[in-house]
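Asker: Residues per chain are reported as follows:
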Amino acid sequence: DASCLTWEGQQFQGKAAIVEKLSSLPFQKIQHSITAQDHQPTPDSCIISMVVGQLKADEDPIMGFHQMFLLKNINDAWVCTNDMFRLALHNFG
Amino acid sequence: MRRFRGHWEDWRRRRERSDYFHERPGRSHSGSGSRTREDVVTRPLPEQAASGSQMAMSVDFKTYVDQACRAAEEFVNIYYETMDKRRRALTRLYLDKATLIWNGNVVTGLEALNNFFEMLPSSEFQVNMLDCQPVHEQATQAQTTVLVVTSGTVKFDGNKQHFFNQTFLLTAQSTPNNTVWKIASDCFRFQDWASS
Chain U
1 DASCLTWEGQ QFQGKAAIVE KLSSLPFQKI QHSITAQDHQ PTPDSCIISM
51 VVGQLKADED PIMGFHQMFL LKNINDAWVC TNDMFRLALH NFG
Chain R
1 MRRFRGHWED WRRRRERSDY FHERPGRSHS GSGSRTREDV VTRPLPEQAA
51 SGSQMAMSVD FKTYVDQACR AAEEFVNIYY ETMDKRRRAL TRLYLDKATL
101 IWNGNVVTGL EALNNFFEML PSSEFQVNML DCQPVHEQAT QAQTTVLVVT
151 SGTVKFDGNK QHFFNQTFLL TAQSTPNNTV WKIASDCFRF QDWASS
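Quick mapping for you: the protein sequence lines, in order, are chains U and R.
Heads up: the first sequence is residues 1 to 93, going by UniProt numbering.
Heads up: the second sequence is residues 1 to 196, going by UniProt numbering.
Bear in mind the hints are in silico, worked out from the structure with no lab data behind them.
Mixed in with the good hints, there may be bad ones.
Straight-line distance between alpha carbons at most 35 Å, and here's what the computed DSBU-like set of lysine-lysine pairs gives [to be verified]:
1. U/LYS21 / R/LYS62
2. U/LYS15 / R/LYS62
3. R/LYS97 / U/LYS15
4. R/LYS182 / U/LYS21
5. R/LYS182 / R/LYS155
6. R/LYS182 / R/LYS85
7. R/LYS85 / R/LYS97
8. U/LYS56 / R/LYS97
9. U/LYS56 / R/LYS155
10. R/LYS97 / R/LYS62
11. U/LYS56 / R/LYS160
12. U/LYS15 / R/LYS182
13. R/LYS85 / R/LYS160
14. R/LYS62 / R/LYS182
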């Protein structure tokens, strides 16, 4: 319940808030294509994962995304304690 | 981008606020001069509340988050400036047993990191976005830890410019007077889409 999610810059803490955010995402269907993923153990026996890829929500154009997870082994199950998601929006002009 | 238009507007507003994340060559580094430039030190973080009401805990957590994120921003500025301008000092920001995955290549330990950064061509980084979260002590056996994700563009000498994403796991080494942050885990990737 101490897990954190940062979704496009918005911060959510705790299972309830996170589930509410993920359930309220405004699309009916979504497809992901993973371009690359990296995983490494951390000094304190967690796993840190980074995923880069593309997604398509409903009929919107394909967009790049980037997501990072921190996983912790609690009672033989892997739990996500931290999650950060960003779309790759690059129009800085 | 019908569905994500709301987020695009939010993003643009945030982007305007966070202009100071840009690293411009020649810009002086903002930090006090009394410490070695490569040490990232901050004021000690507040003690986590051991018990107490839900409200008190969330107020403490918010302060904790704010302080952790400020440390993260300062760290990121120093990291990329060091990477661009004082490359040889970069490994001072890593723990001895830190691991870096660079575009899928694993580099572990200070000696390997030193060799790696020496071999890497000179760089010009521009950070456009930064996210950070503190990691709850439940996950890290009471060691203060902050996760930072950055994205932006980089140009390595002799190569074309790339978009990049980088994730850091920063761990605090606290003394009574200050907190020194070091990288425990690092993951760096260019954003090269499968289709391009």
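Asker: It remains to establish, for every hint, whether it holds in the given structure.
Answerer: We went through each hint and held it up to the structure:
For the proposed pair U/LYS21 and R/LYS62, the alpha carbon gap of about 19 Å is at most 35 Å, so the pair holds. Note on U/LYS15 and R/LYS62: the hinted pairing holds, with a Cα-Cα distance of about 17 Å set against a maximum of 35 Å. For the given pair, R/LYS97 sits about 32 Å from U/LYS15 by alpha-carbon distance, which is consistent with the 35 Å threshold. Restraint check for R/LYS182 and U/LYS21: the C-alpha separation of about 32 Å stays at or below 35 Å, so the hint holds.
Between the alpha carbons of R/LYS182 and R/LYS155 the distance comes to roughly 25 Å, so the proposed pair stays at or under 35 Å and holds. Distance hint between R/LYS182 and R/LYS85 is fulfilled; the C-alpha atoms sit about 19 Å from each other, no more than 35 Å. Annotation: proposed proximity of R/LYS85 to R/LYS97 holds, straight-line Cα distance about 24 Å (limit 35 Å). Note on U/LYS56 and R/LYS97: the hinted pairing is violated, with a Cα-Cα distance of about 39 Å set against a maximum of 35 Å.
For the suggested pair U/LYS56 and R/LYS155, the alpha carbons sit about 29 Å apart, so the restraint of at most 35 Å is met. Of the supplied pair hints, the one linking R/LYS97 and R/LYS62 holds, its CA atoms being roughly 30 Å apart against a limit of 35 Å. Between U/LYS56 and R/LYS160 the CA atoms are separated by roughly 28 Å; this keeps the pair inside 35 Å, and the hint holds. The straight-line distance between the Cα atoms of U/LYS15 and R/LYS182 is roughly 29 Å, inside the 35 Å bound, and the hint therefore holds.
For the hint pairing R/LYS85 with R/LYS160, the CA-to-CA distance comes to about 19 Å; that is within 35 Å, so the pair holds. At most 35 Å may separate the alpha-carbon atoms for a hinted pair to count; R/LYS62 and R/LYS182 meet this at roughly 22 Å.
Checked against the numbered hints given earlier, the structure breaks only hint 8 and satisfies all the rest.
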